[in-house]
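S.K.: The chain contents come next:
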Amino acid sequence: MTMLSSSGGPGLGKRTYSLLRSIPTWVLWLLVVLWTIPSLGLFINSFRTRNAQRASGWWYVLVEDFSENLTLDNYVDILASGSQGGLWRALLNSLAIALPATVIPIAFAAFAAYAFAWIDFKGREWLFIATVSLLAIPAQMSLIPLLQLYSGGGHITLPFLEKTLTLFPDLDLAGRHVSVWLTHTGFALPFAIFLLHNYISGLPKDIFESAVIDGADHFKIFWRLVVPLSVPVLAAFAIFQFLWTYNDYLIAVTMLGGAGQNFPATARIAALSGEFGQAEHLLTAGAFLSTLLPIIVFFALQRFFVTGILAGSVKG
Amino acid sequence: MRGRKGDRSRNGHFRDADELDGRRRARRMIGVLAVLNFAINILMGSGVAAAAAVLIYRGGSTSTVRRAAAVSSGIVLGALTLWGVFTVEKLETTARGVVISILASALIFILANKLFDLPPSRWSLFTTLIGAGFALLVFALLWGNRAIDDPVLRTMVATLVGAVAGYLLGTVQHRWGRLVIGVGAGGLLGALATSGMRSVILVFELEQGAFELWPILPRLNYGVLAGATVGGAVIGLLLWQFRGRRNPPVRALLLGATLGFLVGGWLLPDLGTGTKANALVAGIGAGIGLGALLALKPIPDGSKRGRIEGSSRAYIFLIPALGFIATTLIIPTLRTLFLSFRDTRGQEYVGFLNYGDIFSSPNIFNLDGWTGIFGSKLFIVGALLLLIGVVVSIVVGRRSGYTIRFSPGTGGVSAIGVVLVAFAVFAALRGTIFNNLWWVFTVTVLSSSAGLAIAVLADRARWESLAKSLIFMPMAISFVGAGVIWRFMYLARDVSKPQTGVLNTVWVGIGNLSLSRGIGFFVAIILCLGLAILLGVLAVRAWRTGERTIGVGAAVSALPLIWFAYALWHGVGGFEVRENGDIVASTIQFVQKAPYNNMWLMLVLIWIQTGFTMVIFSAAIKAVPGDLLEAARVDGASESQTFWRVIIPQIYPTIGVVTTTLIVLVMKVFDIVKVMTNGNFGTQVIANEMWQRAFTELNFGLGSALAVVLFIAVLPILFMNIRRIQKAAV
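Chain order of the listed sequences is A and B.
When you line the first sequence up against this note's numbering, it's residues 1 to 316, in that order.
When you line the second sequence up against this note's numbering, it's residues 1001 to 1730, in that order.
Rather than coming from a laboratory, the hints here were simulated on the basis of the structure.
Treat the numbers as computed from the prediction; the structure is a model and nothing was measured.
Among these hints, one or two may not hold up.
[Claimed, not checked] List time: in silico DSS-like cross-link candidates among lysine-lysine, alpha-carbon distance up to 25 Å:
1) A:Lys-205 - B:Lys-1297
2) A:Lys-122 - B:Lys-1114
3) B:Lys-1622 - B:Lys-1727
4) A:Lys-220 - B:Lys-1114
5) A:Lys-220 - B:Lys-1304
6) A:Lys-122 - B:Lys-1497
7) A:Lys-122 - A:Lys-205
8) B:Lys-1593 - B:Lys-1497
9) A:Lys-220 - A:Lys-122
10) B:Lys-1377 - B:Lys-1593
11) A:Lys-205 - A:Lys-220
12) B:Lys-1304 - B:Lys-1114
13) B:Lys-1377 - A:Lys-122
14) A:Lys-122 - B:Lys-1593
[Claimed, not checked] Partial selection, computed: residues in chain A whose CB lies under 7 Å from chain B:
15) Thr-25
16) Ile-119
17) Phe-219
18) Ala-270
19) Pro-294
Heads up, the beta-carbon is just placed ideally off N, CA and C, and yes, glycines get one too.
Please put together the full structure from these sequences, using the hints given.
M.R.: Put into structure tokens, the structure is as follows:
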């Protein structure tokens, strides 16, 4: 092993070596092309007419007659048509789910993360570990009881007395967006607390001490110091959570159940894809539209997104 | 699930005069809500306008132009918001929900904080508010449960009494004075609560979906009551003795007696058959006891008040999050555990029946195919590769003094062997659980190695960030969207028509090439063989110069090329020969053909997750200290040695994090399977099985049991996470 020098190795020859050196770049770009083809194919096909899509693969777009085979009809159709309202409505539903499901956990998690990081109280450490360890609990573990809670309220049967008390009234939340918000909020909190705590506990101690000397209480410190200083990590979590909730399918389809008019885009696309045969040509446009916003958010704010992912895992 | 609603509307009203009253009140409420709604919408519009104006205005110098721009853009944005809120129905409800929830939570949060700012400086105000709040809360609860007559009047009086008592207890220092105040206020509140107590409170019974009235007046037996009180007092004294006689005994005595009285007055007697006089005694007695207890505590000094402020603050900050976590994670998890031992609708205890069903169902857990493992080509090739890798490693290791020594070449070959053997095993063992394990193994291994490979390849390459962005992009696409995208990739059309799916086009194309025996055919064969020869030469040279492991790697990678050339010559790709000698095109049913359709589904998740692993590995590699790499180079290590001996050990923790994250994620895989096959064609996974059992068949018992299986599968990861966090916290 030690015989190979860093300049290339005497036995291999310079040409072979330089050829070997350029292989990685070729492999990288080959992989990039392979990785892009699926999305690119969908994107191109979404502009082709139903007949064109059925007659030839998307790569024929290069050789076929543009005016005959390219169209925006797929988009117009999918946005407007459908028994539950067009995809337009589903996209709005997606936003209506994702925005609150992003904002609510941020606020709660920031409070909790600050308390765990900078307020001294009994049992702080084990409470923090217990909270964050819930990260790995599968959502499936909560789905049945939560749906029961939203559609029938929470009840407890008292032992011995054989009486049932209502702890949480039946607000008929199942099928409404509120149920999806609440569920997302609960599931997001352990991760959010973990992520924000990592950052907030790393803020310099001096600023807190001088603030206390100046007579600021925790409430003031939180608003005047912690929130402004944590903007990067708050943004990172917000983007992460927004993409997660916007793209979620499991929780939406479980909690919204039969209320098809409240379905987000993912659930609508999934339903469309079930009837693959008839609406195949529309599915391309639908799938592209449903991923459009996340992709824009993603490319525009990639820096924050990456920060969030890294803070959540590498530092851990 | 939705069946319940029908039940409710049938029985969900009760024939109480209150109900009609409630309806009338509700109608009035709707009017109020509409006004409130309008106000909130206006507020939102003007809020956006003001925010925009302020942001632009404060951005820099204040010229007239800037001022005009600020005002006009504020107006435009505000108008836009108003227009959106009033015209687009969806936007309105959402925005309103967000605004209301934010305002309400903020208000509660701020008020709680302001309240607990008080103790150090304004103790009496604090106690006044606490007293009023406590009384209000108790009476609101009684009111809400329809337990008292004249609820409005009683609640108002009680709040007033609470406030006055709180103020007096916060200011009066004299011991007997305090006692009088405490006893008086407590007795008064008890009397207020119980004198108007109805014989019933409302209870909602789950099973029938009907309201039931539950009597609560206790039937007192004064002997029992006295006995319980004295007993409580004795226990209190004993505990005081036992704990070292720290405070004066009065408090312990009183606490014991009060608790005893509560037990004797409310828990032991038969509820519902008592009289109002009974309730009055039980209420006033309890009130006096609690009031006296509070009064016996002296007014705390400055440092104690500070502590009250500090510790309460932690809970104010924590309770919103912890409450949410408790209601959406902890309690449901416990309930799912409970439901998994019960029948379909959770009514009867059935023991381990659901778990038995899982492991006895051939669709979920099926070991029958295990004999098929050893005959499969995949297994033979995999075992062979593993053997080669291990043998060469041992030989190489002997020479350098180790028992066995893996290096890039041999390690890679052995790893591929292991993966192939695992595929052979999973392809033979069928059923939901093995499918899940197959998913976890494949996606975790391939996605992390692909991510690591790309991170290394892209490191310091030209256009690095562009390449990484494109690989990373699928992370922004939903699993559902990805499923749709790949359905088009895997599309298989009737063979009489041109293929439109990329993969089948390639497959049929290879078939045509192989059949054509034209120029393309020969070029392809020569290209393959040429590359194979090049690799062979490289292998021989590397072996001679002592780079034995690179040699083995090159030789092994030449094998598929030779195989492909041979296969092309022999005939490979999308065609089949009919019995009558006709040759027709044939496609691969990527999604339908078991068992390898599982792998094509896994590819979708690998496509998504590789971006994630790449980003993390890339950051970890860049974080490896430059000195270390420099030192390795100075010592004459080659690129690959630096990578395997320096970088890999440095990013070891990251590899652990990535694999655990992936395992948890893949274990729960749902959307892709649901969209692409819905579990048909032998591709079922636990999460989808659980969803189907629970939400389409409404079998909550079996669904819960499957969820628990999933939970148990991720438990080890959960414990690993806990240990990791513990280490980080120390």
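S.K.: At a threshold of 7 Å, is the proposed contact between Pro-294 (chain A) and chain B supported by beta-carbon distances?
M.R.: 4 Å, holds
S.K.: Tell me if the straight-line CA distance from Lys-1304 (chain B) to Lys-1114 (chain B) falls inside 25 Å.
M.R.: 18 Å, holds
S.K.: Decide if the proposed pair is consistent with the structure: Lys-122 (chain A) and Lys-1593 (chain B), CA atoms, cutoff 25 Å inclusive.
M.R.: 58 Å, violated
S.K.: Can you confirm whether the C-alpha distance between Lys-1622 (chain B) and Lys-1727 (chain B) stays at or below 25 Å?
M.R.: 24 Å, holds
S.K.: For a C-alpha distance cap of 25 Å, please report whether Lys-122 (chain A) and Lys-1114 (chain B) respect it.
M.R.: 22 Å, holds
S.K.: Are Lys-1377 (chain B) and Lys-122 (chain A) close enough, with their CA atoms no more than 25 Å apart?
M.R.: 61 Å, violated
S.K.: Does the structure keep Lys-122 (chain A) and Lys-205 (chain A) at a Cα separation of 25 Å or less?
M.R.: 20 Å, holds
S.K.: Taking the closest Cβ pair, is Phe-219 (chain A) under 7 Å from chain B?
M.R.: 4 Å, holds
S.K.: Double-check Thr-25 (chain A) for me: the hint is only fine if its C-beta lies closer than 7 Å to a C-beta in chain B.
M.R.: 6 Å, holds
S.K.: Holds or violated: Ala-270 (chain A) as interface residue toward chain B, Cβ cutoff 7 Å?
M.R.: 5 Å, holds
S.K.: Within 25 Å, alpha carbon to alpha carbon, are Lys-220 (chain A) and Lys-1114 (chain B)?
M.R.: 11 Å, holds
S.K.: Are the Cα atoms of Lys-1377 (chain B) and Lys-1593 (chain B) separated by 25 Å or less?
M.R.: 17 Å, holds
Checked against the numbered hints given earlier, the structure breaks hints 1, 6, 13, 14 and satisfies all the rest.
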